[in-house]
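Residue numbers (this note's numbering), protein chains in the order written: chain U, 63 to 420; chain X, 5 to 302.
Rather than coming from a laboratory, the hints here were simulated on the basis of the structure.
Listed below are several chain X residues computed to face chain U (Cβ distance under 10 Å; list not exhaustive): (1) 84; (2) 103; (3) 143.
Backbone N, C-alpha and C define an ideal beta-carbon position, used for all residues, glycine too.
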Amino acid sequence: MTRFAWREFRTQAIVAACAVVISAAILGITGANLAHLYDTTVANCKVNSDCSSAISVFLSTDNQLRTALDILIVVLPGFLGVFWGAPLIAREFETGTHRLAWTQSVTRARWLLVKVGVAGGCSLLVTGLISLMVTWWFSPVDRVNMNAFASFEQRDIVPIGYAAFAFALGVVSGVVLRRTLPAMATTLAGFVLVRLVVAELVRPNLAAPLHATVPNTTLASLVSIGSSHSSLSPSDLTPGQGALPPNAWLISDQTINSAGRVIGENGFVGGGITLIPGVGGHGLTIQGAGTCPGINVPPLPSGALIEKCIDRFHIRDVLTYQPGSHYWPFQWGELAIFLVLSLILIGLSLWFVQRRAA
Amino acid sequence: MTAVLETTHLGKRYGRRWALSDCSLEIPPGHVVGLVGPNGAGKTTLLHLSVGLLSPTSGGILVLGDRPAHGAAQLARVGFLGQETPLYRGLSVADHLRFGAWLNPSWDRELAERRVDRLGLDLGQRAGDLSGGQRAQLALTLAIAKRPELLILDEPVASLDPLARREFLQHLMESVAEHELSVVLSSHLVSDLERVCDYLIVLVSSRVQVAGEIESLVASHHRLSGPRRDLGTLPESQEVIEAHHTDRQTTLIVRTDEPILDPRWTVEQIGLEDLVLAYMGRAAPSTGMRPAVMRVQP
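Given only the sequences and the hints, what does the whole structure look like? Please build it.
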């Protein structure tokens, strides 16, 4: 059965192998150049004491290729699930060849598992190799960005989990729906949905997050007379730059007042900071905190005055984040989640195929 | 000896419709069995149940003494050729022979190659490009080279032209003679079955109407014609299968193992086709299949 499964899958396997080899060649050459650029500019920028321009030059290199690779690694697992997983069994049902296969001297269970093993194994292998290359290619960029979680889904081992899940979802859709196109559509929709649920609801809670309380430094220059301005957050939330440690993943940013009450989230404060014009007016008001009576407008208050007002109400930001040290446990955790889901789906397919009428 | 196919009150339901119900059969080994019935009678359902492509809703079925498709060993003992003879359209003839060899431990490679050679099939040709007759022959090759004890064929010649049909059946008969296979073959055409079968099952409206060796079936069925008379006056040993009355005359098809002694009857032998049609007509009074036959006037 294994040899036949290979024969059935031969064309796809050859195409995939060629694609992997071509990708390896392109990424090998450009990746080596990128690494060399990093070594010669960013790595020793301190000698020339001009790191910011060195970094900006480095980060604008190979922009198109970067975008292409980002898309490739995001799309690949779903693509393989839709084009390899979904038709694997559905096409047999559509053409009636399952009746031919199921009446040879091979049990349905073995038939299914071998087919899944061969095509699914290739799917995992291709995704793993591409992810390995992409991760290596991006490594100097990631070192500069210090924002590991921003590309969490596009690096290292989680793409393998996604590939397994997309493939298994394709197989079970094909087994249940018995038609290729509906199975492909279901696979795509289900895959995107589960990925979103895991990214939004599961991943942030894989481990208890850390908290940091940081001063709030609103950019006073943005405040103009007679208008509302709602942004009230630490000046820089880029990991490694300001309030957050390198490679941290910011989960929430809550602005609190002196009483510890939350008055805003992610830089946005209820009604914002309001400047009310007119002599004897209320002056500068921060919603949820209070009004600074000493400030009258016009004239336009200076940035220093606004910051003083913010200080007066002891407004701070509480940052909730996953530290960079959680990156690898999260990679393994998410891989495990998707692998377990895949095994469940394959088990379901097995159950369906054995009990389903032909 | 173990029956090749034994069913007890076998039934299969799709949703609310019974495709086969209360089917009890016992087919002795060593026969070429024709399963005949109109379209939708449940022939395909019965055959799919016997190769394990379907599982019964009720009742039991044993094929060569074991449950259908019960493990690889049982699968190896039964060859199957499905309706429309599905093949892998994109794979070549040679690929199909490899498929057979890889998936069947008992594969007779020499036999398969000899057959393909004799059929003049091009090993490199894709199955999708073969003619209907060639596809059927290739599928038959796969089923025979597996060296099964029982070969089950579902309407294997339905889509073939008369020439391909004759050739296919001829090949089938040669293989049966050579390998001492038991065969169950379905068709809605009696003429196909007459040529190859020695055992007949008539299945109508999901029920078995009659089953037995063709020779004895033909010997025990007679067409009687004579002056019009009441059916109640017939001896008990004569089972009326079909009755047809005009004002003056009564024509009957009866089944009996005893000689017909009543001198008023003109007794004729009937052919297999008439026999089958009589059973089909009897079984389907409500379908309007043969209303003229069914109108029994007292």
